[in-house]
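Work out the full structure: start from the sequences and follow the hints.
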Amino acid sequence: MNQTMQQVRPWQCVCSEPPVVLGVLRDDDLELTIGERRFLATGGRIVTDCPSCGSHHILDMTRPVVAR
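Residue numbering for the sequence shown is 1 to 68, as defined by our numbering.
Any given hint could turn out to be false.
What the hints assert, rightly or not - Distance ranges between label pairs, derived from CB positions: (1) Arg26 to Pro51: 13 to 23 Å; (2) Met5 to Cys53: 25 to 35 Å; (3) Thr62 to Gln6: 13 to 23 Å.
No lab work stands behind these hints, which were simulated from the structure alone.
Positions of the beta carbon are idealized from the N, C-alpha and C atoms, including for glycine.
Shown next, in the form of structure tokens:
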């Protein structure tokens, strides 16, 4: 059975140490956990504010994410 490795990386605000995780990117999808519920977003724009510092964050999933 051939399985491909998923690229997993956090979407985070670096306002504190450790950073505040806003969501988890898994390949081209964004996984959000709010309380006991999990949400999966595919494509589009996701907008949120950091619950710690209030900074506004926009994740545009219509364009490929470039690894840094």
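Comparing the hints with the structure gives:
1. At about 21 Å, the CB distance of Arg26 to Pro51 agrees with the hint of 13 to 23 Å.
2. In this structure the supplied range 25 to 35 Å holds for Met5 paired with Cys53, their Cβ-Cβ distance being about 33 Å.
3. Take Thr62 and Gln6: their Cβ atoms lie about 20 Å apart, and the range 13 to 23 Å holds.
Against the hints set out earlier in the document, no violation occurs for any number.
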